[in-house]
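**Student:** Okay, here's what each chain looks like letter by letter:
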Amino acid sequence: MNGCDITLSNVALTALPSGALWWPDMCLLCVSDLHLGKSERLARRGGAHLPPYETKDTLDRLSADLENTNARQVVCLGDSFDDLDAARGMTEATRLEISRLQAGRRWIWIEGNHDAGPVEFEGEHVFELPLGPLTFRHIAQANGHGEISGHYHPKAHVRTRAKTVTRACFLVDSQRLIMPAFGTYTGGLSSHDPVFDPLFGVDARAILTGRRALAVPMPRNAERAA
Amino acid sequence: MGEWECATGCFKFASMALPQIITEWFSAQGWDIHPHQHMMVARSGDPAVLLIAPTGGGKTMAGFLPTLAELADGTHEGIHTLYVSPLKALAADIKRNLRRPVEEMGLPIRIEDRTGDTSQTVKKRQRVDPPHILLTTPESLALLTSYEDAPRMFAGLKRIVVDEIHALAESKRGDQLFLALAALNALVPDLRRVGLSATVEDPEAIAHLLARHPDPCEVLHADLGPPPDIAMLETDEAPPWAGGGAKYAIPAVLEEVKKHKTTLIFHNTRAQAEIFFHNLWLANTDSLPIGIHHGSLDRVQRDRVEGAMVRGELRAIVCTGSLDLGIDWGDVDLVIQIGAPKNVKRLVQRIGRANHRYNAPSKALLVPANRFEVVECVAALDAVYDGELDGDPRGPGPRDVLCQHILIAASSGPFEADALFAQMTSAGAYSDLSRAEFDACLDFCATGGYALRAYDKWRRLQQRPDGMWALRDPRAAQRIRMNVGTIQDTDTLKVRLKRSRGGKPLGEIEESFASSLTPGDTFLIGGQIVRYEGLNQMTVEVTRRADKKPKIATFMGTKFATSTQLSQRILRMFQQDTWPGLPTHTAEWLGLQRTLSRLPQPGRLLVESFPHDGRENTVVYGFAGRNAQQTLGLLITKRLEEEGLNPLGFVATDYATLIWGLDRVPDPAPLFDIDALRNGLDTWLAGNAVMKRTFRASATIAGLIERNTPQAKKSGRQATFSSDILYDTLLKYDPDHLMLQITREEAERGMVDFGRIEEMVNRTKGRIDHVRPGRITPLAAPLFLEPGRVPIKGLAEEKLLEEEAERLLETAGVTDQTVTPN
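Line order of the protein sequences matches chains Z and B.
Each residue of the first sequence is one higher than the one before, counting from 1 in the numbering used here.
Each residue of the second sequence is one higher than the one before, counting from 1 in the numbering used here.
There could be a bad hint or two in this list.
Unchecked claim - In silico SDA-like cross-links for lysine to any residue, where the CA-CA straight-line distance does not exceed 20 Å:
| # | chain 1 | residue 1 | chain 2 | residue 2 |
| --- | --- | --- | --- | --- |
| 1 | B | K692 | B | R789 |
| 2 | B | K638 | B | A747 |
| 3 | Z | K56 | B | D724 |
| 4 | B | K88 | B | S171 |
| 5 | B | K638 | B | H585 |
| 6 | B | K799 | Z | N2 |
| 7 | B | K88 | B | G295 |
| 8 | Z | K56 | B | D728 |
| 9 | B | K692 | B | S723 |
| 10 | B | K799 | Z | R161 |
| 11 | B | K638 | B | K799 |
| 12 | B | K124 | B | A155 |
| 13 | B | K638 | B | D675 |
| 14 | B | K363 | B | E256 |
| 15 | B | K793 | Z | R211 |
| 16 | B | K799 | B | G644 |
| 17 | B | K793 | B | H585 |
| 18 | B | K247 | B | K638 |
| 19 | Z | K56 | B | T729 |
| 20 | Z | K56 | B | A451 |
| 21 | B | K692 | B | D736 |
| 22 | B | K692 | Z | A48 |
| 23 | B | K457 | Z | G46 |
| 24 | Z | K56 | B | I725 |
| 25 | B | K799 | Z | T94 |
| 26 | B | K363 | B | V384 |
| 27 | B | K457 | Z | T91 |
| 28 | B | K793 | Z | T91 |
| 29 | B | K793 | Z | R212 |
| 30 | B | K799 | Z | R211 |
| 31 | B | K457 | Z | D85 |
| 32 | Z | K56 | B | Y733 |
| 33 | B | K692 | B | L795 |
| 34 | B | K732 | Z | A64 |
| 35 | Z | K56 | B | S723 |
| 36 | B | K457 | Z | T94 |
| 37 | B | K345 | B | T199 |
| 38 | B | K732 | Z | T94 |
| 39 | B | K457 | Z | R41 |
These are computed hints drawn from the structure, not numbers from a lab.
Bound conformation, chain Z alone (with noise of 0.2 Å):
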């Protein structure tokens, strides 16, 4: 699969190229920030008409690691719909591929600041979920242990000898994980940011995104990581 192996807490898994993340023992895919029917609510604010087509796009990506893992439980960590109006106003298309994703599926989601209070759609609604060593949750807590969590969007700029690359990526140490956001139309915060200073220690790596998940060490000010 082209993933990068991690543990985290004792547990073994997997970052996927995708930017989902895989727990094999479980049987587990959690991906973090679909932010589906995010256009439409720019839309509705009277903003401009982006194509409105990242949905079924992120449920398509989605639908490939579904298959490619056969994962038996879904967690999606908080913010997969862009407001509550958004979750509401899905087309009747969108409900049917949500829900032939959820068939056969333990599935949970996590609340996300965009999306905190009842969706109806199928599946466990939680605010945050232990599971064995491991919290998924959807903001990093200053004191998390073995805690997944999304809400940043982290991407990071590596320099190679003829360019700089940037991609987005999972942010890893000994205690957490912070996954990239799995929407289409998502931007994100370069990993040199202060926020994730205090988050991370100094043997932080970044997994980045793309062909095959790669893992450096986690790009950041070096007067700051210190």
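We have chain Z already, so just place chain B on it with the hints.
**Tutor:** Showing chain B alone in chain Z's frame:
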């Protein structure tokens, strides 16, 4: 005056005489009214007049004389004349220069400017109580037409003067302006238009843009004055093979500055101006007062330099295109052009900056930055002597600007589609627009125009029961106004001294450059070296640093294209056996190229391959013009990618394409198989970096990407994602969408030129000279410093990343990819 005036009977100001008060003022100054100024007064009743005059020819006065005459009796109420120029600074300058004679003549005329720099209070007041003469820019005018009260504000408007119209006509700013004029004409049907232009190759084309279609537009020519005194600067040291700094010429330039009163030293890019100023300052042992002026510097700094210039306190100003246009900066008696002038027309206009006295020759010196530029300079000088101006026709008005204008019209109030279509096609650039094309733009503005009708519920524009189109949510007008404009600035960040060091603003740098900085890095801005300290709330904080060699800030700069005419002159020069017309060092340099490799020939195609700087390089000297060379670069890198040769990128000039990658190119001949190239064109058209760049620009202008939103203003950070994602999504799910059509149209005018590739391939038919010189050649050297490099995102990027990941982990003491933090 022509017969058509009698036929329409609308224009009553024909053959107006100047009021005595004005003629007396001219005599008191000891000035004669120039013949072309008289002509402009005589033609002041025409619906449109274009005046072509050299700089210093009293062009602006010629434009305003009819206004002063008409306003002299003090009976006119409200706005009378709108003056539009491409630069804020020019509007401010004209205000100064016009107020003086008006005050001295004692005329009851109020003159004000309105630009991005005008305060909100003044702007508001101007809408309620406009001055007689309002001086503004295309963007500010477009904004004015977007307000509901535009009909009231412009009720008394009689004349519009478009200054430096030749500069506006080259860009989308002009298209926006001419659409705004069409909107004004709808409010004020008997509006008269005047265009003021520098010398251009095709005045009729500009006249067509200026006039309301199909009104006629007379072109008046002022006396061109004596030919300029222009030469190449002679230096003791020979210019280098490559590079744009012209550092070698600094002593000679300083000598010239000493010999003259005020010298303007022009550069083609801001980065080059910065380096040159830095080096000039280091060599300036006499401490001559020298300033720097370019568009990325803080306004306070620019104002200070402009003020010092007007007062005659500066001996030289290092500058860029920001001083290209008609600002009257006192006693400039020498213009120095650093770097080859890429275009003879622009050169002639720049030379005009020296000596603002009518009928005095302007003096200019050309300084080639490298030896290839020596050849270019000699070719440009020959063209100036031959009186040859260059330029390429622009083609029909772009539809992204049209979309923005539909949104602007909707902001000002409900409109009828038929009326708006009629209005827009009265703009010369859009006179051939079909109703179907217009309707597609209207649908795009209303619903997004997608095959999937997702936004019928959330339309931006709705058709009311009475058939008028209106904004669904009137509050959207604010967002639309925030995004008016066609200037495509790269995202920039402000640069300030650290708060503890005074927090003084210095200017701005590109965001991409800022993100490449780490604390401790140094760069040049406004001629000083500063140290990057960190990013604080979207501002780059720096400290002053005097002791280090700087990194260079990558300012956005227009990349000027060399005209076809100049390129052909150069190719002809290459065919000579010897070069008596060139300096010895450059003739020797061309000789070396002939020995090491070959010189390009019209009937053959020269291809060089050599390793350099850790990469494999291939140069194709097609002399097919930048557009064709760029297309060639895209097509060939695509073929290299397919063959697994890992191309990394390319850069195109008017003469050549330089391609670099990880692997050596074996035999280039199959790459130029015309059928394979043509087959590549369609698939290639879709997915390349140049198309994505074009898409970003057009989608921003058309209102699909909003650069400014009220939310972003509040938070200071924009949760944006790359426009490449929008492009890819659209291409995948809605390939016939209007925005992709516009992108293709725009790319074709800026890039494709496949006809010239075919012509090149046919011209050279198999006669490909593939040379492997084993090292970089004289002609290839300048290409390595050429801006505008296009990256190829292919397997090479993955390879590099894997290589780097391995290296980084090894350095960190880990040898496999498994992440097991302890």
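**Student:** With reference to the structure, classify each hint as holding or not holding.
**Tutor:** Evaluated hints:
1. For the hint pairing K692/B with R789/B, the CA-to-CA distance comes to about 14 Å; that is within 20 Å, so the pair holds.
2. Our distance criterion of 20 Å between C-alpha atoms is met by K638/B and A747/B, whose separation comes to about 17 Å.
3. In summary, the hint linking K56/Z to D724/B is supported, as the alpha carbons are separated by about 18 Å, within the 20 Å threshold.
4. Restraint check for K88/B and S171/B: the C-alpha separation of about 17 Å stays at or below 20 Å, so the hint holds.
5. Annotation: proposed proximity of K638/B to H585/B is violated, straight-line Cα distance about 39 Å (limit 20 Å).
6. The suggested pairing of K799/B with N2/Z holds, with an alpha-carbon distance near 14 Å, which does not exceed 20 Å.
7. Restraint check for K88/B and G295/B: satisfied, since their Cα atoms lie roughly 11 Å apart, inside the 20 Å limit.
8. At most 20 Å may separate the alpha-carbon atoms for a hinted pair to count; K56/Z and D728/B meet this at roughly 14 Å.
9. Proposed proximity of K692/B and S723/B is supported: the alpha carbons are some 8 Å apart, at most 20 Å.
10. This hinted pair checks out: K799/B and R161/Z have alpha carbons roughly 11 Å apart, not beyond 20 Å.
11. Taking the CA atoms of K638/B and K799/B, the gap is near 17 Å; set against the 20 Å cutoff, the hint holds.
12. Our distance criterion of 20 Å between C-alpha atoms is met by K124/B and A155/B, whose separation comes to about 17 Å.
13. The hinted pair formed by K638/B and D675/B meets the criterion: a straight-line CA distance of about 14 Å does not exceed 20 Å.
14. With a CA separation close to 12 Å, the supplied pair K363/B and E256/B stays within the 20 Å bound.
15. Between the alpha carbons of K793/B and R211/Z the distance comes to roughly 12 Å, so the proposed pair stays at or under 20 Å and holds.
16. Between K799/B and G644/B the alpha-carbon distance is near 12 Å, which keeps this suggested pair within the 20 Å criterion.
17. For a cut-off of 20 Å, the pair hint linking K793/B to H585/B is broken: about 40 Å separates their Cα positions.
18. For the hint pairing K247/B with K638/B, the CA-to-CA distance comes to about 38 Å; that exceeds 20 Å, so the pair is violated.
19. A C-alpha spacing of about 10 Å is found between K56/Z and T729/B, which places the hinted pair at or below 20 Å, so the restraint holds.
20. Only pairs whose Cα atoms come within 20 Å are accepted, and K56/Z paired with A451/B is accepted, the gap being roughly 14 Å.
21. With a C-alpha separation of about 16 Å, the suggested pair K692/B and D736/B falls inside the 20 Å cut-off, and the hint holds.
22. Proximity of K692/B to A48/Z is assessed by CA-CA distance (about 19 Å); at most 20 Å being required, the pair is judged to hold.
23. A distance of roughly 11 Å separates the Cα atoms of K457/B and G46/Z; the hinted pair therefore holds under the 20 Å criterion.
24. For the proposed pair K56/Z and I725/B, the alpha carbon gap of about 14 Å is at most 20 Å, so the pair holds.
25. For the hint pairing K799/B with T94/Z, the CA-to-CA distance comes to about 37 Å; that exceeds 20 Å, so the pair is violated.
26. Taking the CA atoms of K363/B and V384/B, the gap is near 13 Å; set against the 20 Å cutoff, the hint holds.
27. At most 20 Å may separate the alpha-carbon atoms for a hinted pair to count; K457/B and T91/Z meet this at roughly 12 Å.
28. As the CA atoms of K793/B and T91/Z are separated by approximately 35 Å, the hinted pair breaks the 20 Å bound.
29. Our distance criterion of 20 Å between C-alpha atoms is met by K793/B and R212/Z, whose separation comes to about 15 Å.
30. The suggested pairing of K799/B with R211/Z holds, with an alpha-carbon distance near 10 Å, which does not exceed 20 Å.
31. Distance restraint check for K457/B and D85/Z: the Cα-Cα separation of roughly 14 Å lies within the 20 Å cut-off, and the hinted pair is therefore satisfied.
32. With a C-alpha separation of about 10 Å, the suggested pairing of K56/Z with Y733/B holds against the 20 Å cut-off.
33. The straight-line distance between the Cα atoms of K692/B and L795/B is roughly 19 Å, inside the 20 Å bound, and the hint therefore holds.
34. Pair hint K732/B plus A64/Z holds up; C-alpha atoms about 17 Å apart against a cutoff of 20 Å.
35. Simply put, K56/Z and S723/B have alpha-carbon atoms about 18 Å apart, close enough for the 20 Å limit, and the pair holds.
36. The straight-line distance between the Cα atoms of K457/B and T94/Z is roughly 17 Å, inside the 20 Å bound, and the hint therefore holds.
37. For the proposed pair K345/B and T199/B, the alpha carbon gap of about 8 Å is at most 20 Å, so the pair holds.
38. With a C-alpha separation of about 18 Å, the suggested pairing of K732/B with T94/Z holds against the 20 Å cut-off.
39. Of the supplied pair hints, the one linking K457/B and R41/Z holds, its CA atoms being roughly 12 Å apart against a limit of 20 Å.
This entry does not satisfy hints 5, 17, 18, 25 and 28, going by the numbered hints stated previously.
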